[in-house]
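Add chains B, C and D to chain A, keeping to what the hints say.
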Amino acid sequence: MAEFLYVTAALLLLLTGLGLARMLWGPSPADRMMAAQLVGTGGGAIALLIATASGATAMIDVALVLALLAAFAAVALSLGEPGTQQRDGGANS
Amino acid sequence: MSLMADTLTIAAVSAGLFFFLAGTVGLLRFPDTLTRLHALTKADNLGFGLIVLGLLPQSPDVASGLKLVVVWLLVQLAGASASQLIAQFASKGGPSA
Amino acid sequence: MSLLPDFALMLLILIAAVWTVSARDRRDSVIGFIVVGLLLSLAWIRLNSVDVALTEAAVGGGATGLLLLRACARLGPNETEGVSLKVSLRILTGVLCTVVAVALATIVLYPIEPAPTLAPTAAAHMGEIGLGNPVTVVLLAYRAIDTLLEKVVLVLALIGVWALTPDPLWGGAPGSLRAQHSSGPLTFLAQVLPPVGIVIGVYLIWNGADRPGGTFQGGTVLAAMWLLVMMADLREPPEIRLHTLRRLVVLGPVVFLVAGFAGFWIANGFLSYPPDLAKPIIVLVEAALALSIAVILGMLVAGPAARAPR
Amino acid sequence: MIGSTTLYGLCATGLVAIGLYGLVLHPSPLRKVIAFNLLGSGTFILFGVAAQRGAAAGLLADPVPQAMVITGIVVAFAATAVAVALLLRLVESGGSTLEPSAPDPQDDRPS
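Residue numbers (the working numbering), protein chains in the order written: chain A, 280 to 372; chain B, 13 to 109; chain C, 3 to 312; chain D, 234 to 344.
Just chain A, with the same shape it has in the complex (with noise of 0.2 Å):
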C-alpha cells in the first residue's frame, strides 16, 4: 500500500508541476495565482499521501497548515489592482 501511495504522490507531483505551465503563460495575474492555488493543494495532497505512506502522522500538520493559508495568497491578491484603486480616501479621523 505505501508503495502505491508513494507513486501517487509522485504523479501527483508531476500533475502540479505541469500546472505550473498556467504561472508561465499567465496571460493575467489570476491565472498565475490559480497555479499557485493549485500547487498549494496538490502539496497538501502530496503531504497527506507521504504522511500516510511512512506512517510519519506528524506530516499531516503541514497539510494543515497549507490547507489553512490556502485561500491566503489569494486574498492577498485583491489587496488591490496597482494604480486603480482607491479604499482609504477620507476615512480618516
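Read the hints as simulated data drawn from the structure, not as lab findings.
From the three backbone atoms N, C-alpha and C, an ideal C-beta is built for every residue, glycine too.
Keep in mind that the hints are not guaranteed to be accurate.
[Unchecked claim] These stretches of chain C come out as covered by chain A in the derived footprint (C-beta under 8 Å, 3 or more residues):
# : segment
1 : 19-33
2 : 50-62
3 : 195-202
4 : 260-270
What follows is chains B, C and D alone, placed relative to chain A:
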C-alpha cells in the same frame, strides 16, 4: 477487512488523482480565466476530497483520521473562497456587488 | 524509492525560482516566490525536517507572500522593470553566479566524511528536559540564547518599521489592510476561518513540546488569522501608541528573560532550568513567545503608522 | 550514485545562484528583496542537507541545523518586513528614481 479497506483506498485515491489530472488539463487547455478557474475547483474539491476519503481507512489512529477530515474541510472552505476572490479579481471591470 | 520524484521537485523549484527572478511584472514575481515557498515546504518534508516544513508553509506561503503582495499594491503600476542592461553585464553576473554555484556544488558533492553532527548531544539534552521534540529542545533549552536573541531581533525589526512613521502621524494606526472591494466571500472566510485557525495555532504551539510544531509556527498561524480579519475589514489595525499592544510585543522576550535569570537561583546559571520544572517553564515561555510573535508579525505586515492618532 | 540529499543540495546551489543573479542585476529594490529571499531559501536548504547528513542517535535529522533554519526564517522575514517598509517610505517621499513616485493611495495625512 483490510482487503476491503485497501481496495477502497486504491479506488478513491486513483479517482482523486484523476480529478487532479482533469483540473490540471483544464487549467492548461481551457480558453479563458473563468473556465480555467472552474477546472481548478474540480481539483480542489473532488480531487482532494477523494484522496482524503481514500486515506481515511489507512490512518493509524482516530486523531489522524480527524485531522484528515479537518484538512479536507479547510481545503473546501479555502478553495471555495479563493476561487470567488480570484474570479472577482479577474472580472475587475465590474467589482463585486 | 527512485530519485525521480525528488528530481522533479528540484526541477520545479528551480523553474519557479527562475520565473521569480525573470518575470517582468513585480506581482508575477511575488506569485512565483509564493510557489517557491510552497514547493520548498515539500522539500523540507523530504529532508525529514517537519518543523521547518511547517515554518516554511506558514511563512513562505502565507506571511511573506502577503507582505510582498501588499507592497506591490502600494507601489502602483511599474514599468521600470524593463530597464535594459548591457549584455556584457548580464554575462559577467551570470559567470559570477555560476562560479558561486560550482563552488557550492563542489561542497555538496564532496562533503566532509563523516558528516559533522550535534544530534547525539541534542538527544542527550532531550532526556534531561523531558520534551519529545528535539528541535524544540534545541530552540528552548540547548541553544536557548539564540532563540532569545531572535525574539529581540523581531522586536528590533518592529521598532525599525515603526520608526519609519512620518512625524505628524506618530502613534497612529498603520494603513488599512482592507481589500480593494469588500466582498461577501472574503467576509465569510474571515468570519469562519479564524476560530479554526486559532485552534490550530494553539495546537501547534502545544504540540511543539513533543512533536513537530512550536512557537513560531503557531504564532505565524495566529498572526495570519489576525491579518485575515484586518483584510476583510472586520477590524482596523490598532494604533501603535496603545500600551496593551506594546506590552504584548515585549511580553514574550520579558518572560523568556525572567525565566532565564531565574535560572541563577533555581538551577545552575542563565537560561538553565531545574530538571523537574523544565517542561512547565518551557511551555509557559513558549505560550508567551507565541503571543508576542503573533502580534509582532501582524504589525510587521501592517507596517508603519499611516494616519494620525485619533 | 547521487542520493536524494545530494539532489536537494544541488537544488539549494541553484537557488543561491538564481537569487544572487537577481540580487545583482535587478534595478528595482523590491525585486532585489525577493531575490535575496530566494538566496536565503537556498542557504536554508543547504542547512537542511547538513541536518539530514547529520542524522544520528535515533533522530531522523540533526536538530541543531533545523533549529538554526527556523531562527533564520524568522529573522529573514523580519528583515524583509523592514526592507519593504523602508522601500515604501522611500517611494512615498519621492526619494527613489526606480520606483514610480505615484501618490500613495493609503496616505491619508491631514492636508
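Do the hints match the structure? See the list:
1. 19-33: Check passed, 5 qualifying residues.
2. 50-62: Holds: 5 residues of the segment 50-62 of chain C have a Cβ under 8 Å from chain A.
3. 195-202: holds (count 4)
4. 260-270: Answer violated; 0 residues pass the 8 Å Cβ test.
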